[in-house]
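K.L.:
As a plain string of letters, each chain reads:
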Amino acid sequence: MGKILMKGNEAIGEAAIRAGCLNYFAYPITPQSEVAEYLAKRMPEVGGVFLQGESEVAVGYMLFGAAGAGERVFTTSSSPGISLMSEAISYIAAAQLPVVFVNIIRGGPGLGGILPSQGDYFQATKGGGHGDYHLLVLAPASVQETAEMVMMAFPLAEKYRNPVMILGDGLIGQMMEPVEFPEQLRTAPSDKSGWATSGMATRGSRQRNLVKSLFLDPEALNNQNLLLKSKYDQMRREEVRYEAYNLDGDYRVLIVSYGTMSRVCRTAVDNLKAEGLEVGLLRPQTLFPFPLEAIRAAAGGPACQAVISIEMSMGQMVEDVERAVCGIRPVHWYGKCGGDVPTPEEVMDVVRGLLDGDR
Amino acid sequence: MGKIFTKPRSLTDQPTHYCPGCTHGIIHRLVAETIDELGIEERTVGIAPVGCAVLAYNYFTCDFQEAAHGRAPAMATGIKRVRPDLVVFTYQGDGDLASIGMGEIVHAANRGEKFTVIFVNNAVYGMTGGQMAPTTMPGQRTTTSPLGRNVEEVGMPIKMAELLAALQTPAYITRQTVIDPKSIRRAKQAIRRAFEYQLAGRCFSLVELVSTCPTNWGMTPVEALAWARDTLLPYYQIGDFKVPE
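Protein chains in written order, with this note's numbering: chain U, 835 to 1193; chain V, 3 to 247.
Keep in mind the hints are simulated off the structure, nothing from the lab. Think of the CB as a built atom: it goes at the ideal place given N, C-alpha and C, for glycine as much as any other residue. Mixed in with the good hints, there may be bad ones.
[Stated by the list, open to error] Partner residues aside, some chain U positions facing chain V, computed with beta carbon under 8 Å: (1) Ser867; (2) Ala900; (3) Ser1032; (4) Leu1044.
[What the hints assert, rightly or not] List of simulated lysine to any residue pairs, SDA-like, C-alpha gap at most 20 Å: (5) U:Lys1107 with U:Leu1081; (6) V:Lys190 with V:Ile42; (7) U:Lys993 with U:Gln1119; (8) U:Lys1046 with V:His71; (9) U:Lys1046 with V:Asn60; (10) U:Lys1046 with V:Met129; (11) U:Lys1046 with V:Phe7; (12) V:Lys190 with V:His71; (13) U:Lys1046 with V:Arg45; (14) U:Lys841 with U:Glu871; (15) U:Lys1046 with V:Thr18; (16) V:Lys190 with V:Phe243; (17) V:Lys9 with U:Asp1183; (18) U:Lys1046 with V:Phe243; (19) U:Lys1046 with V:Thr14; (20) U:Lys841 with U:Pro1016; (21) V:Lys9 with U:Arg1040; (22) U:Lys1046 with V:His19; (23) U:Lys1046 with V:Gln16.
[Stated by the list, open to error] Label-pair restraints from in silico Cβ distances: (24) U:Phe1049 with V:Thr233: 52 to 60 Å; (25) U:Gln1018 with V:Gly114: 39 to 47 Å; (26) V:Met158 with U:Leu945: 32 to 40 Å; (27) V:Leu201 with U:Leu1061: 32 to 40 Å.
Next comes chain U alone, as it looks inside the complex:
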C-alpha cells in the first residue's frame, strides 16, 4: 500500500487497527475527537469494539478490564482527560497491564486552551497518578512517525506488561501529512495465558488468574515495587530512542527538543548553518526512558558552549536535560505554551543570544 494523505488523529486510529488492536474506549475531547469519530465508523467495519464511555475516569477502567481479560486495547485523549484517567493509569501500571494511551496535548493548566502544547511532559514522564510507576513515553514529530509509534506501542506494552503513552500535541493531531502503515509493524499479540482473566476454559487451565494491585504485606509490596523498577531499568537499557541532527560537526550550541517543536528547531538549525553558525539538535523520541547519555555526550562536544531545551511548556524537559548534562555546560530553556508554536526566527534569535557574550 502506498502513501495516503491523512490527518494525524485519523492516522492514529488506523494505525492501531493495522497493528492488530481492535478495541477502543474513549471520551470526546478537543483536539483529538477525530480519533473517536474515525473509529466509530471504522471499528464496526473490522469487527472491533468501539465504546464511548461516560467519562475519562470510566474509560480508564474499561481499558483496565479489557486489558486484564487479555485483549489489546487503547484510548486517545487530551490533557484534562489524561488527568482524569491518571487514577486508572496508576492501577494499570500496578497490575502490569499492557494498555496504549495517546495524549494529544492541549494547553493547560486547567481548561487552558485547545491549541498545541507540550505542558504534560511532567505528567507523562514523572507520574500523573499516585505511586512509583513509569509509562514508556514515545514522542512523535510527524504523522508518519505517530502512526509507526502507535503500531510499535502494542508489542512494547506487551513486552513490559506496562502502559505505553504516545505523547503528541494538537498540531500532530490536526495536521495532514502523507502516511503509510508499515506491514512489518503488524504484530501478533503476546501469550497472556499466565496472568489474564480470560476464563479458565479459554486457556484450558484449572489455575485461576488474578489481576490486582493490593499488597498489604510490607515486604510483598516492596518486592512488587522492586519488580516494577526492574522493568523500568530494563526500559532504560533497551528502549532509549533519539534522533541526532547536525551533531557530526563543530556545533557551538546543542538544542534538545521533541515533537512538533523539534521540527521548528530543525529548520532553525538549517537556517543558522546557512549563516555560518553550527548548531546541533538532539530529538528525544522516548521521553521515558530519557536519552540521558546521548545528551551528555553531545553536550560534551568540543565546540559546544551551551545547551538549550526548547519546548512548548514553561520548562519541564529542561530539568531532565540538566540531569543529563550534569553541569558540564550551561543549560538554558526557551519556550511558549499559549498555543502559538515558536517560529524558526524566534529560535534562531534565542540561539544567537546564547553566544552574544562571545561576539
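Given chain U's structure and the hints, the job is docking chain V onto it.
P.N.:
Leaving out everything else, chain V in the frame of chain U:
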C-alpha cells in the same frame, strides 16, 4: 451415608477475614452456589470492589480482577465488551457503588451492559471503619455522623434499586435481604435469576442485598439482624423493581 451438604466448589478453603456475624459470608456462598449450579466457574470473571470485599478473590476459585473504588462496573464493561463469552459479575458495597461509583453504575446500567451486579447494602462504610454512606439511615450514628445522619445537611439515603429501575434499559433490578433463612432462600433465587439473565444475553442485572454490619453498627450479630429488619427494611423495601418481559 452420603454427603447431603457441602461447601460450594467455587469457594476456596481459606477462612474469611469478615467479622463475626457479617453477612458477606452468606452472600459469597449464594454466589458460589449459583456458579456451581450453572456450571460456569471456568468462564466466570469476578470483580472485587474497594471495601470489605476487596479480598473476595481469596474466597472464590474463578478468575478475578480487583477494582479501584467504585470503578468495578467500568471494568466489567471493558471485560464483557471484548469478551462477551465470559460471565462477568461485580461484587460491590454501598460506599463503592452508591457514592464514589455512582457514575459508573448508572451508565453501565443505562447502556445495558450484559453483566451482573451483586450490591451489598449495609448502610455504612465497613472497611474504613464505620463512616456514613449514601445509604446510612436518618439519625443513624456513624463515625462521621456522630450525632446521627442529619438529612437537612446530607439528604435522605439513596435507594439504588429504585433509582436504577427508573432507567429504561436494565433487564433485572431486585432488592433482597439475607437476615433470616427464608429471605436467604429468596436472595439465592434472585442471584440465580440475575446470572441466568446474563447467560441468556439479557442486559444488565443487579441484586441489591440488605445486609448487616454488627461491628460498625456497634451491635451483636443478633441485634444487627433485628435492626436491619426493623429499621432498614421498611425503607429499603424488598421486591423486584424491574424484570424482563
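K.L.:
Hint numbers the structure violates, sorted upward?
P.N.:
1, 11, 12, 17, 18, 24
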